[in-house]
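What follows is the residue order along each chain.
There are 2 protein chains.
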Amino acid sequence: MNRSDQPVIAVDIGGTKIISAVITGDGGMLSRVHGLTLAQEGPKKVIGRLVETVKRSIGKAGLRISMIGSICVAAAGIIDYNKGLITEAPNLPGWHNIPLRNILAVELDTPVFLLNDASAAALGEHRLGAGQGLDHLIYLTVSTGIGGGIIIKGELYNGADGCAAEIGHMILQVDGPPCKCGQRGCLEALASGTAIARMAGERLARGEQSILTGMVDSSVKSVTSALVSVAARKGDTLACGVIDAAAGYLGIGLANLVNIFNPQMIIIGGGVSRMGEMLLKPTRKAMKAHAFKLPGRTVRVVRPGLGLDAGLMGAAVYAWQKGEVTG
Amino acid sequence: MNRSDQPVIAVDIGGTKIISAVITGDGGMLSRVHGLTLAQEGPKKVIGRLVETVKRSIGKAGLRISMIGSICVAAAGIIDYNKGLITEAPNLPGWHNIPLRNILAVELDTPVFLLNDASAAALGEHRLGAGQGLDHLIYLTVSTGIGGGIIIKGELYNGADGCAAEIGHMILQVDGPPCKCGQRGCLEALASGTAIARMAGERLARGEQSILTGMVDSSVKSVTSALVSVAARKGDTLACGVIDAAAGYLGIGLANLVNIFNPQMIIIGGGVSRMGEMLLKPTRKAMKAHAFKLPGRTVRVVRPGLGLDAGLMGAAVYAWQKGEVTG
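Order-wise, the sequence lines are chains A and B.
Heads up: the first sequence at position 251 corresponds to 251 in my numbering, and the numbers run straight through without jumps.
Heads up: the second sequence at position 225 corresponds to 225 in my numbering, and the numbers run straight through without jumps.
There's no promise every hint is true.
Incomplete in silico selection of chain A near chain B, CB under 10 Å [said to hold, decoys possible]:
1) 102
2) 202
3) 252
4) 297
Hints in this document: simulated from the structure, not taken from any laboratory.
Quantities reported herein were computed from a predicted structural model and do not represent experimental measurements.
Note that beta-carbon positions come from the ideal geometry of N, C-alpha and C, so glycine has one too.
The whole structure should be built from the sequences, with the hints applied where relevant.
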């Protein structure tokens with residue numbers, strides 16, 4: 001059956017929330033619901049809630065499951081596309097080689113595709129956002145962690161198994177600070193929201209003066225990148241220094257990408273990117289200082305056009321593409 | 001005029017030698033000559049010698065210039081494909097934005113294409129060497145410097161301007177040892193032949209015991225990566241330690257590429273790769289220790305199938321491809 005003219009379901013599953021949306025071929029959103037992930041309860045219960053959230057989005061759109069073309073699930077993790085597995089997922093404890101594609105396809109009786117969440121956002125931005133019509137772009141989501149997506153010759157690049165674009169785990173500082181992935185000195189360990197909070201906490205613990213001291217309730221461990229951002233906007237020296245340091249590392253990471261990919265655009269999304277030019281200006285400066293001149297001049301470093309919906313819209317685009325190929 | 005069925009000329013210009021070969025559409029080499037670069041004499045004289053070397057290769061093949069389809073020049077440098085410029089070339093002093101494509105096209109009255117030398121080698125290995133039939137592979141040449149070439153979806157990837165794949169200048173160690181490019185801690189500054197010689201020299205200068213002391217004539221500055229390789233084969237502790245250190249950094253560089261590209265194969269060519277398994281075994285081990293499991297299992301790290309001719313054969317392949325497109 002060719003279901004390619006039917007609405008699709010785009011799902012974004014993160015460590016905190018599951019979002020499910022029913023989206024039509026012209027990009028219209030018929031419904032959008034969310035549920036809690038409660039990741040600590042393990043894969044079986046989380047998958048149950050995922051199925052329930054999907055069904056709820058179908059109901060809210062006034063549709064039945066048989067009217068849905070396909071489902072694309074965007075997840076933060078190392079996905080084996082060929083086998084339909086989530087092989088590792090740092091934000092989902094206990095998820096190792098979970099055959100999510102087949103489980104959902106049986107539960108929902110609909111074709112299911114899996115996609116890395118930052119790759120989904122790259123695709124969304126390329127088709128509907130800031131990168132429309134470009135040949136080569138890189139998308140980075142900078143939030144708790146750092147994820148990546150790559151568009152090459154106008155198409156999503158997934159690599160041999162489907163797990164390419166793990167840009168957050170590019171090692172920039174051998175023997176640098178530990179990363180959640182088990183390595184040291186990854187871009188994520190140096191420039192993510194977690195890294196910003198850690199650097200601020202370390203400087204507070206050393207007794208440096210900052211308005212952050214009055215903003216965190218009890219311990220310096222409760223400092224977050226959002227609080228650092230607020231303090232920096234008020235001109236706090238420590239907070240500004242931490243954001244400049246993170247931007248310096250982010251810029252070196254971008255320089256590596258610029259030298260390797262010579263892309264037309266790098267899009268910086270994710271929660272931390274909402275700091276805007278306070279983060280992006282020193283990031284661009286560090287990038288240009290560390291990249292070769294020609295590719296450094298070519299690349300534009302910008303914020304997303306679709307905001308935080310890039311991943312969801314990209315998952316829908318992927319479902320349409322795959323539906324047309326397999327339909 | 002369609003010249004695509006005519007022989008092409010492949011040129012490889014390095015800091016030391018210029019090689020020119022006349023190659024037929026079935027890969028047969030009708031002639032191969034070389035001349036000295038004498039790079040210190042500057043672009044004008046080097047280009048004169050390049051033209052003379054090309055003409056000599058045509059004469060040796062018993063042909064005339066009008067019988068040549070096109071010429072592809074592979075050079076170590078940052079090439080602007082759109083404008084036909086060599087924008088920067090670390091081994092060719094004084095080469096800044098040299099319009100080599102147009103100069104040669106006028107001098108030789110033949111279509112000319114420029115290509116980065118490691119990209120040429122990637123193409124050669126993909127079409128005629130170790131990577132035949134693969135979708136995604138990375139080529140690294142490890143010699144005095146480190147260059148890179150990228151094959152994606154079976155085609156050479158050049159980026160927006162044509163200067164992608166500068167993998168040797170991926171920064172792995174912020175504030176690490178200085179690199180010829182002006183940055184610090186590039187892969188090239190940590191794992192090239194130059195880096196191996198530097199590390200060995202530093203350890204000798206600190207008074208460490210090694211058979212290298214008897215192998216270098218006067219100063220520790222005359223130690224080379226080739227001498228370190230010879231000493232390591234004899235079991236010298238210092239030499240083995242230096243090669244293991246370089247392999248450790250090379251492996252981290254490969255892990256970054258594996259996490260970003262999820263390629264099927266990484267081919268390690270260049271003079272230093274002739275150390276063989278003594279270098280590649282610890283490199284693979286470090287790569288697997290620093291990459292995600294799935295892409296780390298997929299990738300094969302191998303030596304080139306075409307040896308040191310990969311670049312020359314790749315330049316010929318590029319000339320045929322471009323001749324067919326533009327012919």
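Here is what the structure says about each hint:
A least Cβ separation of about 18 Å between residue 102(A) and chain B goes past the 10 Å threshold, and the interface hint is therefore violated. With a least beta-carbon distance of about 17 Å to chain B, the hint placing residue 202(A) at the interface is violated under the 10 Å criterion. For residue 252(A), the suggested interface contact is upheld, since its CB lies about 5 Å from the closest CB of chain B, less than 10 Å. Taking 10 Å as the C-beta cut-off, the interface hint given for residue 297(A) holds, the closest approach to chain B being about 9 Å.
Checked against the numbered hints given earlier, the structure breaks hints 1, 2 and satisfies all the rest.
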